[in-house]
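Throw the hints in and build the complete structure from the sequences for me.
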Amino acid sequence: MQVIHEGSELGGHDRPDLGGPEPGPAFGRLFDAHAAALRRYLARRVGAEPANDLVAETFLVALRRRETYRPELGTARSWLYGIATNLLRHHVRSELRGLQATARLARTGETSQAGHDSRVAEQVDAQLRTAQLAGALAKLSPADRDTLLLVSWAGLEPAEVAEALGIPPGTVRSRLHRIRRWLRTNAPAQEEVQDLA
Amino acid sequence: MREDNVRKIWSEAELDAALADLNSDVAEEDDGLAFARASLLAAAGGEEAPPETRRAGPWRWLAVAAAVVTLVGGLAVGASVLSSPAPEPARPAVALPDLDRPLAPGEFRYAQKLVWVAQIVFGKPALLQQKIELWIPADPAGVWHRRTMWTGAVSGVEEPKVQINLTPRDEYGPGGRFPDDTAAGWQQPDAAFVAALVPDRAALAKRLTNESSARWKDSRFAPTDSLTMVRSVLELGLAPKNVRLALSQAFGDVPGAFVVPGHAPDGRPALVLGAKDTGQRLYLDQATLQLLAWDSPVPPTMITRSSDLPVTSEAAPPSYQHVPVTTTVALPTTTNLRPVAPATVTGPQAVYTFAITRTSG
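Chains A and B, in that order, are what the protein sequence lines are. Note that the first sequence ends on residue 197 in the numbering used here; no numbers are left out. Note that the second sequence ends on residue 1361 in the numbering used here; no numbers are left out.
Be aware that one or more of the hints could be misleading.
Straight-line Cα separation of at most 30 Å, DSSO-like style, residue types lysine-lysine; simulated pairs [to be verified]: (1) A/Lys139 - B/Lys1008; (2) B/Lys1276 - B/Lys1131; (3) A/Lys139 - B/Lys1206; (4) B/Lys1241 - B/Lys1131; (5) B/Lys1276 - B/Lys1206; (6) B/Lys1131 - B/Lys1113.
No lab work stands behind these hints: they were computed from the structure.
What follows is the structure, given as structure tokens:
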């Protein structure tokens, strides 16, 4: 059963009525409230230009399907991220290529700067960690990657992720626990970046 | 061995730091959102989504796209669907041969997909025809050959100086796993995936529902994803007839889906598999259950921006550089530019041809 979070109410700003006969104003407000953050999240996932288009597509799909938005089942934000997550399915390859590129670039930085001083060494550590994480993220299933990054990058609460993905909150929490444990164990072992995309 | 290789497990804080680092290099460029906002508000004040029963071909959304481009670019762009014929013809209406016979060594199962891809070319809405050919060897575990190319047929572009790159892209994938593919599954079925499909209606129906990538919390949005799963498999032309039968029957068991006898866009009797949420439909030959066509009342391919635009022009594009295009094929290093062939789009989104060949392209 979905639970309306504290401070959230039907018809409120986070659960607006989108089913009116003139959707323009409501969707304008919806866009202004969520588009920028959604774009940043999507840009990290698939790159800046595809992100702009995905934002456009997300809101157009939302508009087309506005009659099916049910405020009592979730916030508009989680609904939008659910739509965007579905649309991201078409960009899995480019996301994986981006993660690989990140992994390679970070490793290149490591080899060119290592050993200068302690500050550089810290940067190198961070670069290596980024490279390892990118490589590990590329090995997650799309569903696991969505779950993790909706929390870590989009800033959604697990309950919102559950709303977005249409799965029970308990599943989100257990999935997060499993993913994070896997990453903690396996990301440091990402020595070679393989072509996965 | 480096020191950091000794410690094999990150702390929670280290993982969070890595996630934050990886998320920190996103450019804060929100200017691209202007187009998205304009698109949204234009759509909100314009046409409603077409009713499910309205089916008039993939060109129908051009008017909406044109309205959006006009709003953003300030240009009077019309949804001009040109009249000169040029696209590669859809398959003639003849009975399909027996494609389910065992292949002899050296023979290949051939599948061709002619699909109209939605693009906005230099600010104008257009549909570009793409041909995707697939050769699967007698032993499906062998190397598959996939060739993707634009046919040169374009609907909606009148610019005479526009040229389209017709150079095909050839890919080879052992067992159907191509270099850019992710894990095999319903979205990207390979030889092993298809071989594992059992002709069990109930089992397949369960899989079509439970393994759908649909993320909508309302199950009414799942049927299109299930339809896509079915289409991805049938497009290969590899699944045996009993699996095709079970798969089509199973799809009818998915909530929000329907399977009814009808006619393909070219008039042939067909089994129609439809998704009530979007109106997308697949048409299967009633006798062989081979895929004939796929149609959608709304563009199933997203409008995206990319530098991989296959179309070039001697003239400078409009000032708004971020024209959206949908691209599924990147420009190869060697180009084969040809003028576009203006075309009329009256058929479905995609038509399919299957055959048995003795060469792999």
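Structure-based check of each hint:
Straight-line distance between C-alpha atoms of A/Lys139 and B/Lys1008 comes to about 17 Å, which keeps the hinted pair within the 30 Å bound. Annotation: proposed proximity of B/Lys1276 to B/Lys1131 holds, straight-line Cα distance about 28 Å (limit 30 Å). A distance of roughly 27 Å separates the Cα atoms of A/Lys139 and B/Lys1206; the hinted pair therefore holds under the 30 Å criterion. For the given pair, B/Lys1241 sits about 25 Å from B/Lys1131 by alpha-carbon distance, which is consistent with the 30 Å threshold.
Restraint check for B/Lys1276 and B/Lys1206: satisfied, since their Cα atoms lie roughly 19 Å apart, inside the 30 Å limit. With a C-alpha separation of about 6 Å, the suggested pair B/Lys1131 and B/Lys1113 falls inside the 30 Å cut-off, and the hint holds.
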